[in-house]
Amino acid sequence: EDQVTQSPEALRLQEGESSSLNCSYTVSGLRGLFWYRQDPGKGPEFLFTLYSAGEEKEKERLKATLTKKESFLHITAPKPEDSATYLCALAGYGSNSGYALNFGKGTSLLVTP
Amino acid sequence: DAGVTQSPTHLIKTRGQHVTLRCSPISGHKSVSWYQQVLGQGPQFIFQYYEKEERGRGNFPDRFSARQFPNYSSELNVNALLLGDSALYLCASSLAATGELFFGEGSRLTVL
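First to last, the protein sequences are chains A and E.
Counting from 1 along the first sequence, just add 1 to a position and that's the residue number in our numbering.
Counting from 1 along the second sequence, just add 356 to a position and that's the residue number in our numbering.
No lab work stands behind these hints: they were computed from the structure.
Only true hints are included.
Straight-line C-alpha distance at most 25 Å; calculated PhoX-like pairs for lysine-lysine:
id: 1; chain 1: A; residue 1: K70; chain 2: A; residue 2: K106
id: 2; chain 1: E; residue 1: K369; chain 2: A; residue 2: K43
id: 3; chain 1: A; residue 1: K80; chain 2: A; residue 2: K43
id: 4; chain 1: A; residue 1: K80; chain 2: A; residue 2: K106
id: 5; chain 1: A; residue 1: K43; chain 2: E; residue 2: K386
id: 6; chain 1: A; residue 1: K106; chain 2: A; residue 2: K60
Okay, the calculated bits of chain E under chain A, using three or more residues with CB under 8 Å as the criterion:
id: 7; stretch: 398–407
id: 8; stretch: 454–461
The calculated label-pair distances, taken between Cβ atoms and stated as ranges, are:
id: 9; chain 1: E; residue 1: H366; chain 2: A; residue 2: P9; range: 30 to 40 Å
id: 10; chain 1: E; residue 1: E410; chain 2: A; residue 2: E18; range: 42 to 52 Å
id: 11; chain 1: A; residue 1: K60; chain 2: E; residue 2: K408; range: 27 to 37 Å
All C-beta atoms in this analysis are idealised placements derived from N, C-alpha and C, irrespective of residue type, glycine included.
If we strip away everything but chain A, and leave its shape as in the complex, we get (with noise of 0.2 Å):
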């Protein structure tokens, strides 16, 4: 069975603190591995799709990469915008639920000044 497992579950970071979040995984064939941020009360915002090992996209202060176990979500020099859940979800083949998101539980990011 397909699973996702994130760390830590919260995490506080000082202003201008780099970190990495981990998002551990097993599938039996991988269609994509995705990130997103969901803020308090709102639903998830779509960041990144990663497809193979070795793959990296990047977006303002966020870095995504891709191992065949792991994918890590790399922040750079956090500001307290930056405070958010961020989910790691996977989506596998082999499944007949056509293209559904396994999501991770998040790790709770709290920067602050």
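Fit chain E to the given chain A structure using the hints.
Chain E in isolation, oriented as in the chain A frame:
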């Protein structure tokens, strides 16, 4: 451009009742997906529709049903509500049946 809109935003029901949640996708998007998010957890897949046909169904009981209309809007129906159905119900649309989803702000259901 308008994003994904969901209604109602909040609702309170009692056990055994029925609920209908509605979703309007972004203009031009032909796929709608439904997810359930319980507090402190990631969203869990319920259904995906593309071009008005069901393309996927998650591990939810038959009390949950959905449909997509010719204008690509969608409804999620839940019968015989249980306390455990209390959650944020998220609708997401996409151009095609992919994982790059645009989510609405959700319908917060409380079952008493």
